[in-house]
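Colleague: Listed here are the chains, written in short residue letters.
Protein chains: 2
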Amino acid sequence: METLKEIQDFFHKGYLEYRPNLTVDCAIFGYHGGELQLLLVKNKVFTKWCLPGGYIRKDENLDQAAARITAERSGISNLFLKQFKTFGDPGRNSPRSVDEEQLFKLTGMKINEPGWLAGETASIGYYAITDVVNAKPKADYLSSECQWFPVSKLPLLGFDHNEMVNEALSAMRMNLYHFPIGKNLLPPKFTLKEIKHFYEVMSGKTLNASNFPNKLIALGLIVKLDEKRNIGAHRSPAYYRFDEDSYEKALDEGLVLA
Amino acid sequence: METLKEIQDFFHKGYLEYRPNLTVDCAIFGYHGGELQLLLVKNKVFTKWCLPGGYIRKDENLDQAAARITAERSGISNLFLKQFKTFGDPGRNSPRSVDEEQLFKLTGMKINEPGWLAGETASIGYYAITDVVNAKPKADYLSSECQWFPVSKLPLLGFDHNEMVNEALSAMRMNLYHFPIGKNLLPPKFTLKEIKHFYEVMSGKTLNASNFPNKLIALGLIVKLDEKRNIGAHRSPAYYRFDEDSYEKALDEGLVLA
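These protein sequence lines are chains C and W, in that order. Residue numbering for the first sequence follows the working numbering, starting at 1 and increasing by one per position. Residue numbering for the second sequence follows the working numbering, starting at 1001 and increasing by one per position.
Since the hints were made in silico from the structure, they are not lab data. As the structure is a computational prediction, the values presented were derived from the model and not from experiment. Think of the CB as a built atom: it goes at the ideal place given N, C-alpha and C, for glycine as much as any other residue. One thing to keep in mind: the hints can contain errors.
[Claimed, not checked] Reference listing, derived: stretches of chain W covered by chain C, where coverage requires no fewer than 3 residues with Cβ under 8 Å from a Cβ of chain C: (1) 1050–1060; (2) 1082–1089; (3) 1117–1129; (4) 1191–1200.
All chains should be modelled from the sequences, with the hints used to inform the complete structure.
Modeller: Here's what the structure looks like:
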């Protein structure tokens, strides 16, 4: 939504285009410089930083809604994207996280005004993984800021979004064992040390992170190249790359890395 | 819902008690005799067998709704229960799966009649695991039958419920690597052969199923007893039992079995 007219149409007549009482929220994780980051949005009508999210258009499915929302905020399409959990505690969309003054200023609406946005709203959580360098975080008319935060230093988020982030991290870390990741996050050629470090950052632990690359080699998902990184005598580690076919197959069918 | 009056109240005034456009559907898996089974319901107003499901009361959270629905149909409370995915393709709650004649007979309503049940409805999928012996499948006023089917021989289900079952199986089989199961499914004392067979049935493969018990022993989740099953000379396998504390801790924190 880019203009005031679009915002006001959304608040007053959005039910014509969107499903009521159901949203998608996206934990977009960014891998950069050995740190895991998270993309947050400061929405003008919310009092706290939140996950990027939005309502689902009537003509799209849930995955399409999540892909649209992550692409709008991160500037990247075709992210690795997985649904992880739906949140629906009564009272989760508490008006405490809404800035009443801003809401009225921007939309002419009051909190708890009857309308298509009233009532309990469940939210379907998706997580995505991208590299920070290629992403272009973008605020829209309704958000004043959109930026990366280190996962280890998140602010207090609005609504139940801190719980969502914790659940997204747990789900992502469980999925590390069952889906290959990293093809768009690591350089096309990488050393074993680099991919081990990548798994350390993603899994949040140093212990056993080398099991991942070892298992990836054993399963043929990463293959050794004839080329070495030249960093001096006796210190020339071999390069590896992902095997495209095995990677796509494993993304589709799942695997067990441990 | 036990009486005609309750059913009619639900169809006409259910919005007072339940959230609109959002349901819970439950894949209740039953372990018995070396076979994995699934509990299905023949609802009088649906044309095909379906997963047990229902709307969410306004005063309950999603887990509570799933626990209520699984307990009502299986007769067992406190099942191992996990949310696995939400389904929301446009058109998924197609009237093709509704028996128009029965609907009118039971409720006085027509398909596509405006009301709180109209419009796209997303459904949150949960799976549960129980033993078949202690379960007491129970139909209600709106369902004519409720019974177990072998997972390997399921009928064509209504709506998108076959897809739900496939996703539930995938999620359950991934979770086998991260949560202990089996405490209420195996006898209190069991042999390694029995627990290996249990994991074969749950995972749907014989390959590597013995990794599970080995890892459970290594992590202290199952412990060897001083007692053996006496089935003749040279054939007396040791008994094992689950360690209560490690089991509960692992259920809470997750683990990696592989």
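Colleague: What are the numbers of the hints that this structure violates, sorted from low to high?
Modeller: Violated hint (a single one): 4; every other hint is consistent with the structure.
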